[in-house]
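Using the sequences and the accompanying hints, generate a full structural model.
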Amino acid sequence: MIAEFGLAALWFAAALAALQLIAGSLALTSRGAGFAGIVRPVAVVQGLLALTSFAALITLFMRTDLSVKLVAMNSHSAKPLIYKFAGTWGNHEGSMLLWVAVMGLAGGFVALVERRLREETLLATLAGQAFVSLGFYVFLLLASNPFERLPQPVAEGQGLNPLLQDLGLAFHPPTLYLGYVGLSIAFSFAIGALVTREVGPAFARAMRPWVLGAWIFLTLGITAGSFWAYYELGWGGWWFWDPVENASLMPWLAATALLHSCSVLASRNALRAWTVMLGVVAFSMSMVGTFLVRSGILTSVHAFAVDPRRGSFILALLAIYIGGALTLFALRASTVTEGERFSPTSREAGLVFNNVMLSAILGIVLIGTLYPLVTEAFGEKVSVGPPYFNPMAALFVIPMLLVMTAGPLLRWRRDSLRRIAPALAIPALIVGAALLALTVYAPLKLLPLLGMALAAGLAVASFLPLRGRNLRRTPLPVFGMVVAHFGIAVALFGVACDSMFSVERLLAARVGETTQVGPWTIRLAAVEPVAGPNWTALEAQLRAQYKDNAPILAAPQSRTFWAPPQTTSESALVTRWNGQLYTVLGEAADDGRWQLRLWWKPFVPMIWYGGVLIALGGVLALIGRVWADLKRIIARDKIAYRRARQGR
Amino acid sequence: MNVAEPASALRRGWALWLPLALFAGFFALVMVGLYKPADREVASAFIGKPLPQFDLRPATQGRPGLAFAKFTDGKPRLLNVFASWCVPCAAEAPQLAQLAASGTEIDGIAIRDRPEDVAAFLQRNGNPFAAIGADDVSAVQLAIGSSGVPETFVIDGKGVIRHQHIGDIRAEDVPVLLAKLRAAGS
Amino acid sequence: MRRLLVIVLLIFAAPLGAQDLLPPAPYANRQLDNPALEAKAQALMETLRCLKCQSQSIADSDAPMAGDMRSQVRQRIAAGQDPEAIRGWLVERYGDYVTYAPRMSALTWPLFAAPLGLLALAAVLLRRRFKRVGSA
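Heads up: the sequence lines are chains A, B and C, in that order.
Taking our numbering, I'd label the letters of the first sequence as residues 21 to 668.
Taking our numbering, I'd label the letters of the second sequence as residues 116 to 301.
Taking our numbering, I'd label the letters of the third sequence as residues 9 to 144.
FYI, nobody ran anything at the bench for these hints, they're computed from the structure.
All residues carry an ideal CB built from backbone N, CA and C; glycine is no exception.
Any given hint could be a false lead.
[To be verified] Only some residues are given here: those of chain A computed to face chain B with a beta carbon under 8 Å:
no.	residue
1	297
2	317
3	332
4	335
5	336
6	339
7	340
8	349
9	353
10	354
11	395
12	396
[As the list claims (entries may be wrong)] BS3-like mimics (lysine-lysine), calculated; alpha carbons at most 30 Å apart, straight line:
no.	chain 1	residue 1	chain 2	residue 2
13	C	48	B	295
14	B	295	B	190
15	B	164	B	190
16	B	164	C	60
17	C	48	C	60
18	A	465	C	48
19	A	465	A	567
20	B	273	B	295
21	B	295	B	164
22	C	48	A	567
23	B	273	B	164
24	B	190	B	273
Shown next, in the form of structure tokens:
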């Protein structure tokens, strides 16, 4: 019954999305103005119905209802409850349903609270949002029905890929999806603004919280995903420029650019066409990313969710949304005027530079990711990996970081470098000193060296915008910017340290044997079997001693799952303030020795701390913006109330 | 505020269509990629080149080991790269037997295999091989550009690789291999 | 209980994904004694593609063939071969697919021209923008 109920809710939600699209479009014409009233309520109910449908699917998974095909294919009664719950979206159909549910809710929320835009622009936005949702509803209902029943219930489900049975990874896809959905709302705003040609500060302010929210989730998603790759794949790498990783990076790059151009549009009414364009591009990149991951068109480590038929469907949606939006852009953007002007030394110019660099990095990642497809069309196979991406990205990242130190100090419209030069002397000195010290003390690797020096300079420079300000009266978004920029410096420092100072030790050790890796002394005390809820493992007990400190136990495992059968190696990490010890248990050798892989990675956790700081900066900015909006709404309502009373 | 600025619009005209053009390019590219699916196999780039010098010990009792010298006797033959632990290798056994019965000489290279496992494998699936060399560290496999098991190479009488068949040999592949062998012999 | 576990482990360990039982090649999981040579080998291995895996370098793959390739690379480096010569040796056998460092060729030059193209495009769009400011 629950399955049929969920399916019915989904059909109703789809029908309401169609109604929302039609009513919203008609309301924009001169004769259809009567439809304007129903668009907002329809959007809200549509969101609630989609949520109901997703709740039904969660219930089915929690109960392990094996008469439903999706549950039988992806779940197992012996699975821990949390993974039954997370298993709801650990598959194609469930994740698509999650997507439409969140998108519907977000649309409903916009319909409820957004009052800044002119009514026509908002109607166009909601119609655009319904159009995007409708595509996903059709996709779900026609090509990937999550509620399909089996003719005969099976005795036991097939289980969830063991690599995915991990708390971090269970919440990784929904985090990215929340980001994608946020960008889809920004996309709808861009469409609305293009339709009514109303691209101005009000549009930027309406769109900004959604972009910020999306960006926070994307930042967290990428950070978590890279940490997952780091400790789960068991070789100490945290970023491989794999197509799937690139697919998650591209929307982030576009969203970062959009965030910055939004603030120019909101405060200075400039970069109008460019901001609209980025709004379209950011969502395009999330669709392109989803397509690349789902279609399996590129060879990738993450071959979890591959199906070419679904790939074609997503491609069709992509063509309709993006092709349509870009055509609209080309037709309308010429009638969107450029907006206010500014000088080459101004806050705007700094942000434009940042936008151009981010777009260029995005271009590099996109081209590098797709290029194997190009050569394949000509019958040749090539691989594009770190030796291409690292230097090419650095080409644009380094100038961007340099401008990042100075940009936030510049005034809007017109400023002079001479004014900010004294403040920049400190970070410049630090960069110089760091470069000097590093060339003397460290092995010469150009990129990590530059990275570390720039990280040191940026870390200081990121706090300079607070200089001379009354901290109590400084708006929260400024703190957000400071924290996020500092987070970039922290992450960069971790990245540079990892590639410069990591120490690796591979060995085959007998129980009782001792070895050295960097400052650590490590003894293999024992190898013992242990059991988990749905796996058994061999566990190595390593006594790890940092210099003369007390030894700490690290217990890496080689795990064997039985539903479905698969072996994974679970690394064990020992984190200190100055780095991380990374241990992995490999295979047993014939003579009773065990393969061990050990790394000492100085300051590597900074990469993820940095990522979290960046997201935290976003959170601060979002709270600041929403708070200011709330205050404005309350003030406006007060005035309206007073007027109403005076009128009476 | 919403008034067009004809002069600037004209100047920016081409730039506004650029995103759509790029997207069209992307779309065309992935359409090609989607409907002409790439083969996931890595073909050897070593076709037309001579086998490297090698000398492998016998992989099991009852058959000699395999060395490069054998491939220069003027007679074309098949070189089958296999392993006892590989499932499709057992699946192609009937086709190999058929090829051997038609007078083709087949030599094998057993990848990362123990003698007793190879013996058991041959016991189960028959033994079409004239000689089997043991490649314990995939050294010869890497040297001829083979990236998995099973793979079958057609070698001409001078020791030059003429053709590579990736994956197990199906019934319909037998005539192809025979034709390649004939071509290598002429 | 513990013995039972070991038995269960052994039962499950054997037939998984048809793996071979031979020990890995000598230098698959063993570093070269000379740290400078090992660093050279490591840098090369990180840029060679594992042919049996979906998308991993041989430096971070558990596949037996990746282990054999690592062993080859380390032994060749130890014998004094140049890393690029080893890369060339593999490309000769497996084509450009095996290296993550694309080489400039008739087919791949756009890949290397891309950053220049992007910079030029940015320059054109920006110059026009600031010129207008200048004349304003």
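- Query: Within 30 Å, alpha carbon to alpha carbon, are residue 295 of chain B and residue 164 of chain B?
  - Reply: The given pair, whose Cα atoms are some 16 Å apart, holds under the 30 Å limit.
- Message: Hint check: residue 295 of chain B vs residue 190 of chain B, CA-CA at most 30 Å. Holds or violated?
- Response: It holds: about 13 Å lies between the C-alpha atoms, which stays within 30 Å.
- Query: For the pair supplied as a hint, residue 273 of chain B and residue 295 of chain B, is the alpha-carbon distance within the 30 Å limit?
  - Reply: 15 Å, holds
- Given pair status - residue 48 of chain C, residue 465 of chain A, alpha carbons within 30 Å: Holds, because 13 Å separates the two Cα atoms, which is no more than 30 Å.
- Query: Do the numbers back the hint for residue 317 of chain A, that is, is its least Cβ distance to chain B under 8 Å?
  - Reply: Result: holds, 5 Å to nearest chain B Cβ.
- Message: Can you confirm whether the C-alpha distance between residue 48 of chain C and residue 295 of chain B stays at or below 30 Å?
- Response: 42 Å, violated
- Message: Under 8 Å is the threshold here; is the Cβ of residue 395 of chain A close enough to any Cβ of chain B for the hint to stand?
- Response: 10 Å, violated
- Query: Is the straight-line distance between the alpha-carbon of residue 48 of chain C and that of residue 60 of chain C 30 Å or less?
  - Reply: Holds: residue 48 of chain C and residue 60 of chain C sit about 23 Å apart, inside 30 Å.
- Should the interface hint for residue 335 of chain A be scored as holding, given a Cβ-Cβ cut-off of 8 Å against chain B? 6 Å, holds
- Query: Do the numbers back the hint for residue 297 of chain A, that is, is its least Cβ distance to chain B under 8 Å?
  - Reply: 7 Å, holds
- Status of the residue 340 of chain A interface restraint (C-beta, 8 Å, chain B): For residue 340 of chain A, the interface hint is violated, since the closest Cβ of chain B sits about 11 Å away, which is over 8 Å.
- Item | Cut-off 8 Å, beta-carbon criterion: hint that residue 339 of chain A touches chain B | 6 Å, holds
Hint compliance for this structure: hints 5, 7, 11, 13 are broken, all remaining hints hold.
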